[in-house]
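Enquirer: If you want the building blocks of each chain, they are given just below.
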Amino acid sequence: MENLQMLFMGFSVVLTLENVLVTMLGAVLGLIVGAMPGIGSLAGVALLLPLTYKFNPTTAIIMLGSLYYANMYGGSFSAILLNIPGDSPAVMTALDGYPMATKRNRPGQALFTANMSSFIGGLIGMLILTFMGPLLADLGLKFGPAEMTALLLVAMTSIGWLVGESPTKGVVLTMVGILLASMGMDTLTGSPRYDFGNMYLLGGIPFTPFVIGAVGFSQVLKLMEERNKKVEAHLNQKLTIRGSLLTLHDFRRLVPPAIRSGFMGTFVGVLPGAGATTGAFLGYAAQKAFKSEEPLGSGAIEGIASCEAANNAAAAGSFAPLLALGIPGSGTGAVLLGGLMMWGLNPGPLLFSTNPDFAWGLIASLFLANLLTLIIALGIIPFLVKILTVPVKMLIPIITVVCVVGGYSTSNSMYGVIIMFLSGLFGYILDRNGYGVAPMLLAFVLAPLLESNMRKAFIISHGSMGIFFEKPIAAFLIIVLFAIILTPVIKFVLRKAGVLKK
Amino acid sequence: MRKIALVLTMALLVSVAVFAGAQAEAQAGGAFTPSKNIDWYVTSSPGGGSDIFTRTIMDIAVAEDLLNGQNVVVQYKTDGAGEVGRLLVSQIRAGVQADHTLLTFNSGDLMPMLKNTNNRFENFQAIAHMAVDKHLIFVGEMSKYKSFEEVLAALKRGERMVLGGSKGDDIACHAALIAELGVTQDQLSYIAHDATSGAITAILGGHFDLLISKPAAASQYVEAGKITPILALSTSRFPGNLNSAPTLSEFGYKNVEVPNWRSIVAPKSMSAEAVAYWTDVFKKVSATETWNKGYIEKQKLVPDYMDAATFTTYGMNFQKEYLASIGKDK
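Residue numbers (the working numbering), protein chains in the order written: chain A, 699 to 1200; chain B, 491 to 820.
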């Protein structure tokens, strides 16, 4: 149990007054940053990074680590209460979180579910990280371009039937998302695509303003229509922690998906470039295969639990390649890596042996941050829920301001704000015509990954499809892909032939 | 009484003269000193290579008290893959703002700018060239080849292989290498990753055979025995743990190198006095020990300070050659 020993040593590093305070500060900042649409973990860590240059590295990484981590909690707040995802993984949380808070009138429980499953998912991720970190990182390495392509294809094909009632509409929106994502520089050669001679479009459509607009601002437009309606969510529950507690039955519904997603999310977090969004998405997709008491998308506890647990686990998992190999698993990881270098450490395969107090201190601080964030988050639920009692008339300008600030803060320019407004309008039109925007957003995130991995795979294989079948992991995933595509076709044929009853 | 007054007057006059002389000396070539915050633009995200470069210089300049007590505000302008920020700086009109604006500018910024926009190096005022970074080719533990001889032999046999690396100068390096070796893009193909770390991940997983990287990103992996340098794309071998890699000339080819330089530029409209001031500030920075030990050595760069005039000529030459290489030289 050498790892356990090292972990305890890590705790001895973390449990100094200074470091506990810093963890707490990171957790609070992370919650705020996560809850504010537009300022996700990437921006939060990047903004805070310059402030930490003068810290000692261990304290600095503990603060940023807990900020990154707490951010995964915060993202769900605005997703559940306002239907505006605070960060990209929370797009999935909004699918069930918002209906649960409004239609089912259980906002406190929805937040509680999100926090509790975040805790469980994160804990699983951290335990795996502690005992199998380097092993996991090695497994992540096996996922080269071919394997990633196959995995992403599986994810992409599931988008359509996963979200919303109509698969056809889902497929259409997936395509739209892919098209929009292809704007900007080509991922491999850097050649401009669909830039229409506009310098801003050279950098493509920035994701954060796009999400805030398509989900958040379109929500504002919808609210404008109903501005004179009375506040729908008349809260009949008490605004206390007790009033937000889950029943034992709720709890039983929450745990299995949270544990499943915890394992899966950790693994996805380890994969190169996949990150928490993909984790949350696959967690939710997998839940579709299991039983949920209420249908997913209608405010099911299972839906919230599956994606929230997965995204926290993925956040923990992404530390495995970062610490064991010096390889960032996400954009935020890359910024952290830059931080490590600035603090004078050499992130790389030698980090665990050259700076064990640092590496293990960070892991231990994640455990502490997980616990502290849960306590803080649960404590503020009653106050957060009050947002729902704000009259729509007042909510409209408030959310609009939040959206504008979020759009602006991505790159500190009005470009983000313009994108936010345009995508808000677009999202509203889609929504009015019965198209949910979630498939478009997911395709937007996954398409660039798919494109670059697929093209890399083809360069490696010199254009041969064989590469997807020769490697065992890729071959397995391709079989899964065919199973997903062919199952409905075969069912249809069998039904036509009368073999299968309708 | 009168004598005392005379002596006092004399003393005053002398001290004024000395002071004025010292002032004039300090501002030789003009009368510019920063009178407000300096806006220093960085066109990539915080935490990246350009950010580290900028902040290191900034910290040294502040510690050495070279900025007349003024602060530096780092502005991250990442829209349009950095092009928006670069255009903005190039268009700042003459005046106080222009004299207080700097931009971190690397060859990795120049190349996409030349390729994708009409903005050119001459639209900026070159200030100082600080250092260059060169490339090496590595093999991984799982690579088919163990040395560059084996690679050359395999290429002669007509085997195909894949080289992975980052964007920008790495791509230009690959192009120069295949031109010198006389092989086609098809035979020695290139995979561009967003960052070198992505390429390192892939070669550690054994997904291709050859890696191109600058020394700093690869050094830790070399030390851990995960990758081995087999070729130095430079005119001489690298020091330290990269010394085992021969240069191309040792195999009877011409040496290939595409140096990735790190520099500072300013708006074209910056006054001549300010240009003289800034180029001197960075000269002083480049002579400090913090710079040489804490940055150059750690990042494994080659220190190469050039003043404004030398760097202008160098940059224009670089631009001409690059434009010719991508067929954009009219």
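Keep in mind that the hints are not guaranteed to be accurate.
[Unchecked claim] One-sided and incomplete, this derived list gives chain B residues near chain A with beta-carbon spacing under 7 Å:
(1) K526
(2) G538
(3) A571
(4) R610
(5) G648
(6) M651
(7) V673
(8) Q677
(9) S679
(10) T691
(11) A692
(12) G695
(13) Q710
(14) T718
[What the hints assert, rightly or not] Some, not all, of what chain B presents toward chain A, calculated at C-beta under 7 Å:
(15) I528
(16) K657
(17) I681
(18) S687
(19) K716
(20) E763
[To be verified] With a straight-line cut-off of 30 Å between C-alpha atoms, the simulated DSS-like cross-links for lysine-lysine are:
(21) A:K752 / B:K646
(22) A:K752 / B:K636
(23) A:K1169 / B:K774
(24) A:K1169 / B:K646
(25) B:K744 / A:K1169
(26) A:K840 / B:K526
(27) A:K801 / A:K752
(28) B:K774 / A:K840
(29) B:K636 / B:K744
(30) A:K1169 / B:K657
(31) A:K752 / B:K744
(32) B:K605 / B:K636
(33) A:K1169 / B:K636
(34) B:K636 / A:K840
(35) B:K773 / B:K716
Hints are computed from structural coordinates only; laboratory data are not their basis. Note that the Cβ used here is the ideal one computed from N, Cα and C, for glycine as well.
Enquirer: Next step is simple, just say for each hint if it's right about the structure.
Expert: Hint-by-hint comparison with the structure:
{"no.": "1", "hint": "K526", "result": "violated (20 Å)"}
{"no.": "2", "hint": "G538", "result": "holds (6 Å)"}
{"no.": "3", "hint": "A571", "result": "holds (4 Å)"}
{"no.": "4", "hint": "R610", "result": "violated (14 Å)"}
{"no.": "5", "hint": "G648", "result": "violated (12 Å)"}
{"no.": "6", "hint": "M651", "result": "violated (10 Å)"}
{"no.": "7", "hint": "V673", "result": "violated (14 Å)"}
{"no.": "8", "hint": "Q677", "result": "violated (10 Å)"}
{"no.": "9", "hint": "S679", "result": "holds (5 Å)"}
{"no.": "10", "hint": "T691", "result": "holds (5 Å)"}
{"no.": "11", "hint": "A692", "result": "holds (6 Å)"}
{"no.": "12", "hint": "G695", "result": "holds (4 Å)"}
{"no.": "13", "hint": "Q710", "result": "holds (3 Å)"}
{"no.": "14", "hint": "T718", "result": "violated (14 Å)"}
{"no.": "15", "hint": "I528", "result": "violated (16 Å)"}
{"no.": "16", "hint": "K657", "result": "holds (6 Å)"}
{"no.": "17", "hint": "I681", "result": "holds (5 Å)"}
{"no.": "18", "hint": "S687", "result": "holds (5 Å)"}
{"no.": "19", "hint": "K716", "result": "holds (6 Å)"}
{"no.": "20", "hint": "E763", "result": "violated (30 Å)"}
{"no.": "21", "hint": "A:K752 / B:K646", "result": "violated (53 Å)"}
{"no.": "22", "hint": "A:K752 / B:K636", "result": "violated (43 Å)"}
{"no.": "23", "hint": "A:K1169 / B:K774", "result": "violated (56 Å)"}
{"no.": "24", "hint": "A:K1169 / B:K646", "result": "holds (28 Å)"}
{"no.": "25", "hint": "B:K744 / A:K1169", "result": "violated (39 Å)"}
{"no.": "26", "hint": "A:K840 / B:K526", "result": "violated (53 Å)"}
{"no.": "27", "hint": "A:K801 / A:K752", "result": "violated (49 Å)"}
{"no.": "28", "hint": "B:K774 / A:K840", "result": "violated (48 Å)"}
{"no.": "29", "hint": "B:K636 / B:K744", "result": "holds (22 Å)"}
{"no.": "30", "hint": "A:K1169 / B:K657", "result": "holds (27 Å)"}
{"no.": "31", "hint": "A:K752 / B:K744", "result": "violated (46 Å)"}
{"no.": "32", "hint": "B:K605 / B:K636", "result": "violated (35 Å)"}
{"no.": "33", "hint": "A:K1169 / B:K636", "result": "holds (23 Å)"}
{"no.": "34", "hint": "B:K636 / A:K840", "result": "holds (21 Å)"}
{"no.": "35", "hint": "B:K773 / B:K716", "result": "violated (38 Å)"}
Of the numbered hints stated above, those contradicted by the structure are hints 1, 4, 5, 6, 7, 8, 14, 15, 20, 21, 22, 23, 25, 26, 27, 28, 31, 32 and 35, listed in ascending order.
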